[in-house]
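Please arrange chain P on chain B, whose structure you already have, making use of the hints.
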Amino acid sequence: MNINKETKVGIFVVIVIAILAYFSFKVGKIHIFKRPTYVISAYFKSASGIGTGTSVTMAGIKIGSVEKIRLEKGLARVYMTIDSRYKVYPQYIASIRSLSLLGESYIAISPAAGEEQSEKVLNKEVIRSEMSPQSMSGLITKFSKTASDLEKVSKSLKNSIGTKTGEKNIKAILRNIAMLSENLNRLVYVNQRNVDVIMSNFASISRHINGLTVQNDAAITRTIHNFNAISYNLRKELPSITRNIKGLSKNLNYIVAKNRRNINGSLKNINADTKKLKLTLNQLYGISSKINNGQGTIGKLVNRNSVYDNLNGSLKGINNIVGGYSRFRVKVNMSSQYLARSEGSVSQVNVKLEPSPGHYYELGVASVPMGYGNTYGETQTTTYTTNNPPSGQFYPSSVTTNTTQYSYSNSIKFNALIAKNFYNFTLLAGLLYSTGAVGVNYYVPDTGKNLKIYARAFGFNSDNNGVSEDINAGVAYTFYRHIFLDAGYDNITENSQRSIYLGGGIKFTDKDLKYLIVGGKMP
Amino acid sequence: MNIIIKLLSPFEKIGNFVIYTVNELGSIVIYMWDMMLSIAAYFVNLENLIDQMIFIGMDSFYVVGLTGLFTGMVLSLQAYYAAKIVGVTYMIGPTVALSMLRELGPVLTALMITARCGSSMASEIGTMKVTEQIDALEVMAVDPYYFLSVPRVLAAMIMLPLMAVLCSLIGIIGGYIVYVYFLGLNHVTYIDKIYQYVKLSDIYNGLLKAVFFGAILSIISTYKGFQTSGGAKGVGKFTTQAVVLSSVYILFADYLLTSILF
Numbered sequence: 001m002n003i004n005k006e007t008k009v010g011i012f013v014v015i016v017i018a019i020l021a022y023f024s025f026k027v028g029k030i031h032i033f034k035r036p037t038y039v040i041s042a043y044f045k046s047a048s049g050i051g052t053g054t055s056v057t058m059a060g061i062k063i064g065s066v067e068k069i070r071l072e073k074g075l076a077r078v079y080m081t082i083d084s085r086y087k088v089y090p091q092y093i094a095s096i097r098s099l100s101l102l103g104e105s106y107i108a109i110s111p112a113a114g115e116e117q118s119e120k121v122l123n124k125e126v127i128r129s130e131m132s133p134q135s136m137s138g139l140i141t142k143f144s145k146t147a148s149d150l151e152k153v154s155k156s157l158k159n160s161i162g163t164k165t166g167e168k169n170i171k172a173i174l175r176n177i178a179m180l181s182e183n184l185n186r187l188v189y190v191n192q193r194n195v196d197v198i199m200s201n202f203a204s205i206s207r208h209i210n211g212l213t214v215q216n217d218a219a220i221t222r223t224i225h226n227f228n229a230i231s232y233n234l235r236k237e238l239p240s241i242t243r244n245i246k247g248l249s250k251n252l253n254y255i256v257a258k259n260r261r262n263i264n265g266s267l268k269n270i271n272a273d274t275k276k277l278k279l280t281l282n283q284l285y286g287i288s289s290k291i292n293n294g295q296g297t298i299g300k301l302v303n304r305n306s307v308y309d310n311l312n313g314s315l316k317g318i319n320n321i322v323g324g325y326s327r328f329r330v331k332v333n334m335s336s337q338y339l340a341r342s343e344g345s346v347s348q349v350n351v352k353l354e355p356s357p358g359h360y361y362e363l364g365v366a367s368v369p370m371g372y373g374n375t376y377g378e379t380q381t382t383t384y385t386t387n388n389p390p391s392g393q394f395y396p397s398s399v400t401t402n403t404t405q406y407s408y409s410n411s412i413k414f415n416a417l418i419a420k421n422f423y424n425f426t427l428l429a430g431l432l433y434s435t436g437a438v439g440v441n442y443y444v445p446d447t448g449k450n451l452k453i454y455a456r457a458f459g460f461n462s463d464n465n466g467v468s469e470d471i472n473a474g475v476a477y478t479f480y481r482h483i484f485l486d487a488g489y490d491n492i493t494e495n496s497q498r499s500i501y502l503g504g505g506i507k508f509t510d511k512d513l514k515y516l517i518v519g520g521k522m523p
Numbered sequence: 001m002n003i004i005i006k007l008l009s010p011f012e013k014i015g016n017f018v019i020y021t022v023n024e025l026g027s028i029v030i031y032m033w034d035m036m037l038s039i040a041a042y043f044v045n046l047e048n049l050i051d052q053m054i055f056i057g058m059d060s061f062y063v064v065g066l067t068g069l070f071t072g073m074v075l076s077l078q079a080y081y082a083a084k085i086v087g088v089t090y091m092i093g094p095t096v097a098l099s100m101l102r103e104l105g106p107v108l109t110a111l112m113i114t115a116r117c118g119s120s121m122a123s124e125i126g127t128m129k130v131t132e133q134i135d136a137l138e139v140m141a142v143d144p145y146y147f148l149s150v151p152r153v154l155a156a157m158i159m160l161p162l163m164a165v166l167c168s169l170i171g172i173i174g175g176y177i178v179y180v181y182f183l184g185l186n187h188v189t190y191i192d193k194i195y196q197y198v199k200l201s202d203i204y205n206g207l208l209k210a211v212f213f214g215a216i217l218s219i220i221s222t223y224k225g226f227q228t229s230g231g232a233k234g235v236g237k238f239t240t241q242a243v244v245l246s247s248v249y250i251l252f253a254d255y256l257l258t259s260i261l262f
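Protein chains in written order, with our numbering: chain B, 1 to 523; chain P, 1 to 262.
One chain only, chain B, in its complex shape (with noise of 0.2 Å):
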C-alpha cells in the first residue's frame, strides 16, 4: 500500500493532536458532559492545609471539592461542590484530615452515628464541622498530658508497691505461682494421651452442636433480638448504674485507705493459702502418677489402651449415626400433565429419597398413555376368502386383510431414578415409566430452587418394539411451598407426536408428612 506523503503528515499530526486533546481534558479537569452538583458549606475554625479543589471524601472515596474558602466572623467557611449522585445530610459531619505528617490535607466527611437519617441538604447549606488535630504542636502537647498523667500513676504504684514488705510478699506470691504451674504442666503431661482423645471427641460432638444450631437458626435469631433489647434497656440504664458504681468505688477507695494495714495482713494469708494449693497439688501429683504407672483400680482402667480405644470408637459410631440421620430426607410429590395433542394426560406419585445433599433416588408409579413409552398392543387379523376359483392364476386364491389394533393394557409404569447433583444441575438416569432414561435439571439461580428448567430422554428399551424414544422438555415453577406447574414440550424429535404439555402437582417434605400425620405445629 502506498500512502502519499501528505497523508502520512496527516495521520500524525490528527493523532498527536487527538493525545494531546484528551489530556488536556482529563488534567484540565474538563467535562464534556459536566455532572450535576450541589453546594454545601461548614465552618471551620482554621482552614489551613485546604484550599480550592482539595478533595472532599467520605469513607475515603472522592465525592467533590472544595469551591471557595471565605473568612465568616472569624471563622473559616468552606464551600463544597459535592457530586449530586452522593448525598450529605445535615447532621454529618466534616472534619480536615490529612495523608501523612506533611501535609497534604482533605475533608471527609461522615456519617453521625445513631442519628434518624433526615431530608438531603439543600444548596448552600452549612452542615456540623469538627476540628480533627492536624498539627504537629498540637499533637505533642496532647503527648505530654499524657506522660504527666502516667508519671502520676507510676508514682502511686511504687508507694504502694515500692516498700520492703510489699516486695517480699510479691516475690513470695511469684515463687508459689512458679511452682504452681511446674506441677499443672508436670499433671497435663502425665495425661496427654487422654486429653488428645477427649479433645478430638470434644470437636466432632462441638460439629453436631453446630449442625443443631444452623437447625434452630430462628430461635437462635429470636434469643438475640431479646438480647438486643435486654442490652439496649441496660443501654437506658447504664447511667445510673455508673453514677452507682462511682459512689461505691469512691467508699471503697475510703475504706481501702483506711485498711491499708489489713490488706497487707490478707496478703500474707494469701500467700499462706499458696502454699497450701501447692501441698495438695503434690498429693495431686502423686495420685495421678499412681493412676499412670497402672496402680489401682482406675489406673488399671486408665492404662489399658482398649478401653479408650473401645470409647472411641463407640463414640464415633454415635457420631456417624447422629450426622446420617439428620441429614436424610424423604419427599413426596404427585403430579399430573395434560399432552394438549393426544388428550391424554400423565400422572404419576414419586418418591425421593435423600440420603444427603449431593443426591437422590426417585421411586414412583406413573400411569401413561398409549404411545408414551409404551409398547402397543398390536393384533393382526387375517381372513381366508375361498370361493373355488376355476381355473388359472388370474383369479386369486385367498385375500388377506391387515388390521391393527392398537391396545394398551400396561399402562402403568413405574419410575426409579439416581440423581446426583453438581453446582444448580442435577443429572438423572435409571427407569422412566419403566423404559430405560436420562434426564437434567438446571435450577435457575436466585430463584430459591423454585425455578426448575429439565430435560429428559426416555424410551431406550432392549425390546424397541412399538416404543418410540421420547424427549421432552419444560419448566416448572413451585410457589407457597407445595404447589408447582409445570409445562412444556413433549416428543420434540418427531414431527408427528409433538406436543404441548401442561400440568401441575404438589409435594411434600418429610417435615410436611410429620405433620400431617402427627400434628402439631407447622415448621
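Since no wrong hints were added, every one of them can be taken at face value.
According to the in silico footprint, chain B covers these stretches of chain P (three or more CB under 8 Å from chain B):
(1) 46 to 54
(2) 164 to 172
(3) 195 to 202
If you're looking for bench data, these hints aren't it; they were derived computationally from the structure.
No residue lacks a Cβ here, since even glycine has one placed at the ideal position from N, Cα and C.
Just chain P now, with coordinates in the frame of chain B:
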C-alpha cells in the same frame, strides 16, 4: 609605538569579538527579515514543507521516543531513592510528569532534533552553497528562501511541539513501567496523582517552549548553511557551528522562557 600596539592587542580581540557577535546577530535578523519578505512574496512551498515535516516528525519518532522512554524511567527510579527517605513515593508520578512536560520533553526533543535534522539542514544547504547550486536557483528566478529556508523553519515550528508531546507521554509511560513493574508500587496512585497535580498551563507552556526551540534550531541551522564557504572543509565546520550554536541557544532560551512563563 610597538609596545603600545602590543598592549592594546587584547582590546583589539575584544573589539573583534563584539563586532563579530553584533555582525552575526544582525545577519540573523536580516536573514529572518528576508524570510518574512519571501513568505509575503511567494507564500510557502508546500511540497518542501511536507517533505521537511516528514523528516523532522515521523522519521525522528524513534530517536525522540527512545530518549523520552529512558529519561522517564531514570527519573522515576531516581525520584524513588529520594522519595523513599521521606515516605512520599506517591509523589513520584507528578515528579516525572511535571519534569517531562515542563522541561525535559521540549528540551530533549529539541536537542535530539538539532542533532538529527539541524545538522542535516546545515550541511545540505552548505553543500548547495559551496557547489553554487543556490546561485543557480537564483539564476532560474527561484527564491532560495522560498525553496529552502521557509519550509524548514515552518516545519520545525509545527513539528517540535508535537514531538515534545509524544516525548513527554512516552517518558511518563516509562516512569509508569518502572514505578509499577520494577518498584512494585500502586499503579492507580501514579496516574491519580498526575491528574491531581498537573495543570493545563504546564502542558501548554511546555508546548510554547517547543515552538521557540523549533524556530531557534531551524533558523540557526539554515542560516549557517547559507553562510558556508570554503569547500568540503567549510561544510563540516559550519555544520558543527550550527549544531553547537543551536544547542547553546536552545538551553539559553529555555532558561529565559522558563523564567518568563512559569
